[in-house]
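**Q** Chain residues, written in single-letter form:
There are 2 protein chains.
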Amino acid sequence: MVTIELHPQVRPLAFLLGTWMGEGEGEYPTIQPFRYREELRFWHNGKPFLAYQQRTSAIEDGRPLHGEMGFLRAGADQSLEFVIAQGIGLAEVEVGTVDGTRIELQSTFVGRTPTAKAVSGVRRVIWLEGERLHYELAMAMANVPLTHHLSARFQRTGD
Amino acid sequence: MVTIELHPQVRPLAFLLGTWMGEGEGEYPTIQPFRYREELRFWHNGKPFLAYQQRTSAIEDGRPLHGEMGFLRAGADQSLEFVIAQGIGLAEVEVGTVDGTRIELQSTFVGRTPTAKAVSGVRRVIWLEGERLHYELAMAMANVPLTHHLSARFQRTGD
Chain A
16 MVTIELHPQV
26 RPLAFLLGTW
36 MGEGEGEYPT
46 IQPFRYREEL
56 RFWHNGKPFL
66 AYQQRTSAIE
76 DGRPLHGEMG
86 FLRAGADQSL
96 EFVIAQGIGL
106 AEVEVGTVDG
116 TRIELQSTFV
126 GRTPTAKAVS
136 GVRRVIWLEG
146 ERLHYELAMA
156 MANVPLTHHL
166 SARFQRTGD
Chain B
16 MVTIELHPQV
26 RPLAFLLGTW
36 MGEGEGEYPT
46 IQPFRYREEL
56 RFWHNGKPFL
66 AYQQRTSAIE
76 DGRPLHGEMG
86 FLRAGADQSL
96 EFVIAQGIGL
106 AEVEVGTVDG
116 TRIELQSTFV
126 GRTPTAKAVS
136 GVRRVIWLEG
146 ERLHYELAMA
156 MANVPLTHHL
166 SARFQRTGD
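Taken in order, these protein sequences are the chains called A and B.
So for the first sequence, the numbering used here puts the first residue at 16; every next one is plus one.
So for the second sequence, the numbering used here puts the first residue at 16; every next one is plus one.
Because the hints were derived from the structure by calculation, they are not lab data.
What you are looking at is a predicted structure, and each value in this text was computed from that prediction instead of being measured.
One thing to keep in mind: the hints can contain errors.
Same chains, same label: a pair holds when it works inside one copy or across any pair of copies.
What the hints assert, rightly or not - Only pairs whose alpha carbons sit at most 25 Å apart, straight line, appear in this in silico SDA-like list of lysine to any residue:
#1 K132 to L80
#2 K132 to T162
#3 K132 to R26
#4 K132 to D92
So that you can see chain A by itself, here it is in the shape it has in the complex:
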């Protein structure tokens, strides 16, 4: 085992590292409200970014729902860049900042495959409150301005 030191630019993001388990709720003008279970993981390899992976599942029967993977890149000045691939056929670029244990990100670019839904914008807020990690996600679509979509909270379960 070799312990890899965190890149200095990533130190402000150290509070994200590890595996997190939690639950969330979704709502949107075009769908029925729903609840979900989520596993979230941030890790690093010594470079100035964290790797990110999450997956959600149904609370009733555990069937897989949504999945995302990507890289959260840290600048020298607390600026952030987030690139994300989503299983539903989206490739996103977000930019934002980290301030203490609060992260705010806004999409600058949402790429869609030919069969993906018409998502046109995403805003994410991620924050630590005590030992709980939280996020909220708002989404814009072709006919819907940026509107609250997801809200979830997590406890750390592993490295």
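On the provided structure of chain A, position chain B as indicated by the hints.
**A** Quick look at chain B alone, frame taken from chain A:
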């Protein structure tokens, strides 16, 4: 342990499933040629896509070089959609086809973070030859048309 059945649309991609280890070579008009080691993994959760993760490292000292993660989505008609997040700050959408054990993909969309290099297009060919998986990748940049960049080959080392 529960074995999850492959989604019927993903069956033509079953030859990709597993963990692959290999080596490759890179070249491009703007850089010195280089060699690298690579670990590649495709897995699934019963949905009509494969999850994808790869990372490359230096042959001399094993230091991490590049990383990508994403989802390879299969249509009903052998059409493919690939969404990829890259550690260097790219979020890509590619479309293509699978024909036997040969996959061809072309980017339709390359999103870049503010600090990413000016990559404007990617073409990937992935194929199985005997028990070896191969890929070739060509890349276009602001001042360079689509040009061969990477070539690698792999042996399956695990599920």
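**Q** Is the C-alpha distance from K132 to D92 at most 25 Å within one copy, between copies, in both cases, or in neither?
**A** So K132 and D92 pass the 25 Å test across copies only (19 Å; inside, 35 Å).
**Q** Can you give me the call for K132 and T162, within, between, both or neither, at a CA distance of at most 25 Å?
**A** within (16 Å within a copy, 32 Å between copies)
**Q** Using 25 Å as the alpha carbon limit, work out where K132 and L80 are close: within a copy, between copies, both or neither.
**A** Classified as within: same-chain Cα gap 15 Å, cross-chain 33 Å, threshold 25 Å.
**Q** Given identical chains, is K132 near R26, meaning Cα to Cα at most 25 Å, within a copy, between copies, both, or neither?
**A** Classified as between: cross-chain Cα gap 24 Å, same-chain 36 Å, threshold 25 Å.
Checked against the numbered hints given earlier, the structure satisfies every one of them.
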